[in-house]
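Respectively, the protein sequence lines represent chains C and Z.
Residue 307 in my numbering sits at position 321 of the first sequence, with consecutive numbering throughout.
Add 1 to a position in the second sequence, counting from 1, and you land on the number used in my numbering.
Don't read these hints as lab results, they were simulated from the structure.
Hints may be right or wrong, so weigh each one.
As the list claims (entries may be wrong) - Chain C stretches covered by chain Z per the calculated footprint, using a threshold of three residues with CB under 8 Å from any CB of chain Z: (1) 443 to 457; (2) 624 to 634; (3) 637 to 647.
Stated by the list, open to error - Okay, the calculated bits of chain Z under chain C, using three or more residues with CB under 8 Å as the criterion: (4) 98 to 112; (5) 212 to 223.
Note that the structure is a prediction, hence the values are computed from the model and not measured.
We treat Cβ as the ideally placed atom computed from N, Cα and C, and that holds for glycine.
One-letter residues, chain by chain:
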Amino acid sequence: MSRIGVFICHCGENISRTVDVERVAQEVGRLPGVAFSTDYKYMCSDPGQTLVKKAIQEQKLSHVVVAACSPRMHEKTFRKAVEAAGLNPFLCEMANIREHCSWVHENREEATVKAIDIVGMMVERVKKNRILPTITVPVTKRALVIGGGIAGIQAALDIADCGHEVILVEREPSIGGHMAQLSETFPTLDCSQCIMTPKMVDVANHPKIKLYTYSEIELVEGYIGNFQVTIKKKARSVDEDKCTGCGVCMTKCPQKKIPNKFDQNIGMRTAIYVPFPQAVPNTPVIDRDNCTWFKTGKCGVCQKVCGPGAIDFEQQDTLIVEAVGAIVVSTGFDLYTIAEKPKGSPIKGYGEFGHGKIPDVIDGMTFERLASASGPTGGKILRPSDGKEPKQIVFIQCVGSRAREKGISYCSKVCCMYTAKHTMLYHHKVHDGQAYVFFMDARTPGKSYDEFWRRSIEEEEAVYIRGMVSRLYQKGDKIVVMGSDISVGVQVEIEADMVVLATAIQPQKGADALAQKLGISYDKYHFYSEAHAKLRPVECATAGIYLAGACQGPKDIPETVSQASAAAAKVMALFSRNQMEREPIVARVREAGCVGCFACKKVCAYGAVEEKEIRDRQGNLIKVVAYVNPGVCAGCGTCQATCPSKSVELDGYTDEQIIAMIEAL
Amino acid sequence: MPLTSQPIDTSIYTTITAAIRSEASRLFTAGEVVAIIGYAAARRVGSAQPIIITNAADAEKLIFTHACVNNLAVYLTKAKKEIPKTGKIGVVVKGCDLKALVGLMGESQLKREDLYLIGIPCNGVLGSTVQPATALTTESIASKCCDCNSHLPTGCDFVPNVALPPGLQMESRYSVEIARLEALTPAERWAYWKEQFAKCIKCYACRQVCPFCFCEQCLCDRNKPQMVDTTPRPAGNTAWHIVRAMHLAGRCAGCAECERVCPMDIPLNLLNRKMAKELKELYDYEAGFEVNDKGPLTMFTEKDDQSFIK
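Bound conformation, chain C alone:
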């Protein structure tokens, strides 16, 4: 016979205000199997937990029901307390009489009756609970970092400095990401490359970091502590082991007029190229779409001039499988292109701003390249159309961001600050120029941020106009900017030489496809979702996968670096043990009933179902049944719902338990 203890929590007044907790304790105490029932003001507090532990020992309780808040809130708390008192933690269940009862009802009498029913159901359920032993799985102490921008670099370095191996995968030919493209950084105006490139070199030289550039994630299998990741290393057409990075191939390549993506397509590169001189690794890539050899079968100049013979036109894409225990996703962002309306996206373009049609309407990243000492203009602010220095420049903020009617309602967070920085850089380089900024409001929370913004106005003479721009059009060699100044309520028209748009930050293209490979969730804009917005901001809901940087939402550099180090800390916590404990809420196959139709295997999103042969003593095959790997199973219960013969049970949520609850009603 069960000796169940029921503990009713007042939750301060959250429950007791609407539910007569004493009556619940009395009535539930009369249920068959209940040996003890009581109520207390804060059951989750230290004295409350002590009450539960004492009762287990004194009353020799066999099962525990805690009637309080949602199990999402305190199930772990009470299971731990029960375990400390010597019971298996899975013999404790929570009855939710707060979210499911007191918070949603007003009538005290009815709410009390409902609370008694809810607790009664859990009493019947807990009688069917079994002792579940904790599952332990081994941990592979190697991490995968996807994306080699500042987030990925920081996370990789932190994990590797702790002594664990790191696999860093980058899609582009070089690591560095967007931060390598920036000229100076706010709020200190230190050179981005000067602080970035040493870190890139650290990655390249770190004995614990294995770097795969020009590579993509093909397939992710497995689970926390035990992932198998297939990486596609795209054909570089250059043997990385032989190449010395001398760069002769690039100087001799006859194809010299290919727009360089790193320079926002305003600078040119050759067909065999490194995206920028400080690239890591300093090994060129042949862009096969633009290479004469690959287009016509003739040329081969690079091959002829290469001393070490590193050019390999025959190179193929290769697949590499790596075993890792944790994954940090740091795939970063992309800028919203206002010229075109992205296909299948709810985002409506900004045709009225003429980006892509008027050559001197550029985005913020292009301005960064113009201002960068290593950029295509050598750091001079020159118009892309005619190379003249713009004397009047207009910056427009919130282009794409905070525009619900255009499809994006979020704030891109960094634009206010980088536009302030742009006005300063402009003022430093074009002394007789004037910068205007159209803004909705300036958002400058952050250490020394507001001071920086004020400086752009007060010392660097930027004119801020509160209002939005309705239209841009070319007039001669000027761009007419039509906007409004809402602080004085007048229409403004400025004849500008150049217009810079602070376009919205969006996740990388293909972010959704990668999320599907990883089995992590994302929001409607394809930013990756954290497990809890406040308390678990760097973890994914999928165990063993962590987030860093702008792939989770718009972020500036300090915030990205902090999050990357936080993700690294989470990975190191996981790697601090050889074995990892998992909740034993997993599916189990009743082999006698299983007919091997493998409907469960077809629906399992985690690849946890395997085929198992059942043989007699002579070794003859009797049948093939399903087997759930408890290390992989996430306990979602889809197999249980799918099995036609009900031969799969989810421990902790068996049909018997659920039906016992229904019958208690």
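Guided by the hints, dock chain Z onto chain C, whose structure is given.
Below, chain Z alone, put in the same frame as chain C:
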């Protein structure tokens, strides 16, 4: 029902019978199969019954007539007591029966390489309530044959070389009945099915004959916990038939054996046809034409209808 009954040409069945016999004899002589599941003449005039033969001498027993109504797929899964455990099995299949085999292959119950399929070009078989000696007409024909889309089974190892006589255009009895029920109000429809299910005596003949009811332990027989009331009472009857209809959705290709064997004449296949119609409309899926790893209900694609998510 057609207004006037027209005869259906079954003359090819004689040629087919001869072809099956010679192929069966050849298969045993060559040692290609260990047994053949087919049809043989039964006691009553014109009737036929399933037979399992294991030698060339018995090949002469095989026949094919318009009384060969059974779906023999069931002898390959749960009714395989008389089937040898090892070796290739020959099986005589009509187009409709083949769909069941295809489904069973997709559900890991059968392997194509274990079977030798003798396909039958079929012009129709008799309805379940008709005496076996009756000639095949547009009236005596089985309902499932009225809108048959697989007269000639494809992908078989052997198909007798006969030309199918041009088929007669027949109204689909199921479609008419489904349309009639769809036009009813939910209350009227519920009343109709309540009346039908009330007749059920829980003999489980439908389960016994269904090629897809291959579970060793049916969930409806379980008593700890009991999922479905086992006594023939209205609630349990309804639960049983709804569970079956749901379990067959996306799998049943409409061989209508359940309906044929039901002693209480419950129009069981109507439920399955309705489910098949829904799946065709929702996912453009039709069961039984190719061996699919995943059916529409065990698979999610972004094209799936999501209008039900509010």
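Verification of the supplied hints:
With a cut-off of 8 Å between beta carbons, the stretch 443 to 457 of chain C has 0 residues touching chain Z; three or more are needed, and the interface restraint is violated. Coverage of the stretch 624 to 634 of chain C by chain Z holds. Counting CB-CB distances below 8 Å, 5 residues qualify, and the rule asks for three or more. Counting residues of the stretch 637 to 647 of chain C whose CB lies closer than 8 Å to any CB of chain Z gives 4, so the stated coverage by that chain holds, three being the minimum. Note: the stretch 98 to 112 of chain Z has 3 residues with beta-carbon separation from chain C under 8 Å; the three-residue rule is met and the coverage holds.
Remark: the stretch 212 to 223 of chain Z is confirmed as covered by chain C, as 7 of its residues place a Cβ nearer than 8 Å to a Cβ of that chain, reaching the required three.
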